[in-house]
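Please model the complete structure; the sequences and the hints are all you need to start from.
Chains as they are written, first to last, in my numbering: chain W, 7 to 349; chain P, 1205 to 1702; chain R, 5 to 355.
I should point out that these hints are in silico values taken from the structure, not numbers from a laboratory.
Taking CB as the label site, the calculated pair distances span: (1) P:Val-1379 with W:Gly-230: 39 to 47 Å; (2) P:Met-1692 with R:Leu-326: 58 to 66 Å; (3) W:Ser-107 with P:Asn-1363: 55 to 63 Å; (4) R:Leu-326 with W:Val-194: 36 to 44 Å.
Pulled from the structure, derived: some chain P residues nowhere near chain W, Cβ distances all over 10 Å: (5) Val-1221; (6) Val-1432; (7) Glu-1517.
These figures come from a predicted structure and were not determined experimentally.
Built from N, CA and C at the ideal position, the CB exists for glycine as well.
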Amino acid sequence: MTATATPVAPRTNGASIAHRLFVVRELGIALALVLLIGVTFAVNTRFLNAQNVKDLLLGSSILAILAVGQAIVIITRNVDLSVGSILGLAAFATGAMFQSSPNLPIPVAIIIGMALGALCGAVNGGLIAAARVPALVVTLGTLYVFRGVDYTWATGRQINAADMPASFLHMGTTTVLGVPVLALFAVVVLAGAGIFLRSYRSGRELYAIGSDPDAARLYGIPVGRRVFWAFVASGALAGLAGVLHAARFGTIDANAGLGSELNVVAAVVVGGVAIFGGSGSVYGAALGAVLLTTIGSALPVLGINPFWQRAAVGVLILAAIGLDRSLAVRMARRLRGGSARGA
Amino acid sequence: MPPVLALEGVSKSFGAVAALRDVRLELRAGEAHALVGENGAGKSTLVKILAGVHAPDSGKVLLDGAAVTFGGPAEARAAGIAVIYQEPTLFPDLSVAENIFMGRQPLRRGRRIDSAATRTRAAELFTRLGVRIDPDRPARGLSIADQQLVEIAKALSANARVLVMDEPTAALSGVEVERLFAVARSLRDEGAAVLFISHRFDEVFDLCQRITVMRDGRWISTDDAADVTVDTVIRTMVGRELSTLYPKVAAEPGDTRLEVRGLTRWGYFDDVTFDVRGGEIVALAGLVGAGRSEVVRAVFGIDRPDAGEVRVEGRRLPLGDTPAAIAAGLALVPEDRRQQGLVMELSVERNATLPRRWALAKAGLLVGGAERRSAATWAERLQVKAGHPTDPVSTLSGGNQQKVVLAKWLSTQPRVLIVDEPTRGIDVGTKAEVHRLLSELAANGVAVLMVSSELPEVLGMADRVLVMHEGRLVADIARAEADEESVMFAATGQKEEA
Amino acid sequence: MAPETVIDLAAQPRTSRQRPPWLRTFASWETTVVLALVLVILIGSATIDGVGDPRFYRFVILEAIPIALIALPMTLIVITGEIDLSVASTVGLTCSAMGALWQAGVTSLPLLILVSLVLGAVLGAVNGVFVTVFGLPSLAVTIGTLALYRGLAFVVLGDKAVADYPVSWTTNMIAPIPGTVVPWFVLVVAVLALLFGVLLHATPIGRALYAIGNNAEAAAYSGIAVLRTKFWLFVATGAVSALAGVFWTFRFASARADNADGLELSVVAAVLLGGVSIFGGRGALLGVIAAVALLGTLRNALQLADVPANALTIVTGTLLILSVVGPNLVRTVRERLRRRQPTPPMERTQR
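Now the structure itself:
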């Protein structure tokens, strides 16, 4: 988000305001994160020792990947509540695959997991785009369906670390140059999604759709197709998150990821993506995921009863949407004033 | 040489309602073509067919003489057709530059968007248009005029061969209109075909070589502009003599019913003061965007004004409280029937009784068909033509919908009736009925405040004309002195000797 | 459950009279859900051992009561185009508060109940303030308070359970109506259902709710206090959720912070399956009550048929998807058919 000089002397300072607010919004989360880490570190320097940092990154990677997928969907003014169930399904599938063919190469496992997730996403997107039904209802339905498929498949079984190859489990916890592999996955996903949304025509069209779906249709943007692929992307990322979940925890039953959907939406909202689409970025969403995870591990260090964690998350969500709202109101007022003066 | 774009025998229906029947149109290169007709004549549907939004049910769209079928707006745009809609369709969250180039952004290596080039080219377009809009600012918060300019920049950027403008000047000031016309002329002179839809006949004759008139979804005539006059065009449009439309009977004004003092809403209107007496029809005239609807909205309590007071029959109203305003005897027939006047999905009956729902209830319960009887009474009085009172109001024609809105408010027996563009988009017959009704109401002592953009309506109906310009009340003209010139003079902000 | 109490109110003619009656019956989603319920009961009783048994229904009803309770105000909220996802957390926080009060020596049952209801109303009011005063989207707000209220529940009670209530309280809560197996608490649900049904379908407030849900702007122009109405709906939802919390505590004889975790989605699922449009403006209370009964009966019947309990979520999910896809398909087909008919004489319109 660098401010570039414009060839025409701006008639209003609207852009700089807009830019500044945008930057403020994401810097805001980053700042809150730094502040939280700083204070916690000041209280107990062990908070930032290698092990703790690694745990933090491991903990936030999977949530961040889910949040990136969710952000893509929410930007189009939709929502995907089925990500937790897709994660569970993909995690169990990964375990089951390794159980039946222990020599399966890891990349193949990842691809299969993502393909399974993408398939689930295609079911969501197909129903939403073709039958033109609201995403909230459809994905609430598939939340139950995918989880039910997972349960039926698992029939109470549990897959243990012993059932999976050591190299796979190693991937879930190992680090490269001090950075957990899981976090690398998250960074790659984040960079990919970030570049796509910012620099590709179809990425920008996702914002246009979320900003005003009717105008998008009138403009000839293939709204249905774009929304479909947004859900496929979200599904595929949830599938990836499932595979990584399996690698990290080593023990999988049919409950993996149960109830995580609202956490993911929370991370996205805290990250500054408008719940009704059109604005926000995947970087913000990922930062939101890191922030939510950090709160969890910072509270005990700060000597606060860990029971406060969920309450703190709730306050954070309310503060985030309240902040977004007041920024939007203030920006609208300034832009309106500037425009009237120029006319 | 065949026309660049032509329609032949095009018909289009929505459900049971035929919007276009056997319409023809020829747009030639290097020519500006006007399309005129009353609201509801089918112009907007025609525009959407040209834009590829709707496909015609029958008939042909010819591009360079060859029949084409547009699969969607993107295909029409690719064929060189640029459309500027009445209401700009920008994406509020995206930057102005992105809005201009959406889907056509300049690319660099790897099919990635070159945002620097996007910005530069947007700036170049604005330079060419002679305006200064920051390409980086979001579209949200742009004035209507600026949004319109962004739409024009969009059309320019696409090197359009056909430029369709659906009432682009409605919200523009004189200077802005001039700038727009300069662009349209230069495009025309470079060989583009221009289709211009407007209600302002001076502009039509100023810009266009040929004029097509539509009425009731049908093609009526196409003439060279040189061969017709404003009068003949209007007569063709309306299909009857004008004078019969405005049956205002003189009534003796009674006591002051509505007093508005120093009403101010920052950024919209400033220090507005006026009275309306019983038996009087007062018109609130001015250009679109002058703040007229905003004033009546504030009077009715939809928006909360920042300063000032509103009194009905001497009693001061709490500001920003619509239920209180209704209880005091105010009624507002709003500007946008579909969005504000009616709940389109609800039945005729429910809509017609919504403001009176408490009065119709017995012990807090709405049972025993009280709503049905009330709705039936008023629907009959206003001669609403509806299939059944339980049909959704969306199934009615525009004129009948407007009658339901009127029924809804007349049933509250208002002391002050505010009507905002009461005849917009309804057929001529219903229009006359509405005018007769307003006139009758005034004769019965109701104070009527009428916002209207149609000068003949203002001049024909009003006992007094208040004129607004850029958020201020600039003139109060008695019926005797009010003519087209004096009202437009005030509305465009020109002062004598200025 | 006493769905018949609201049949008359909900079944007002809302569709055109020109359609033949049989089509109208089928066109109404509520009727479809009721029929499905009857079918499930009939087929279940005939094929699955134990489904006909009174104890089966007693269990179904006990299980369905909290969902049915919360679904009542939730229906109204969704009809106005809003949503409240914090209801289950409100249940949890109420349970925690009751547990904490009991431990602190508050032993008066009426006082405990009163405090709970007030607490629930306050929690609902907090949602209402965020949505109506600050103008924030209810979906986001109540995801926030979902976390907040559940978090506070843990703060109040930690992860322990308070279970030493007098046995008389807990047995009384699930006691049957004398001479039947039906729990008496159903009467409370029935009275509330009647109240909400009348409110929604036969009062000026109900008319306002539908108007708000279809078009809040037009509602405001008709003199409806949109924000005030929404605010009180959130308060009512909080209070009723608290009542569900009271029931939950005594039914399971256990106040825990994680009581009713995840129940919000079951409630929303029932409301949507009952034919209420997620966009607001459409739906009837009868459909929702039938949907609660349908989901409960189906679940328990299949459980008796040895279908693994957890796999039943497939049924819930599929029904939910069908509830939106089904009517849409019907509408599409109907439009196709209409388009084939010759165009009637021209009518004027404004496009």
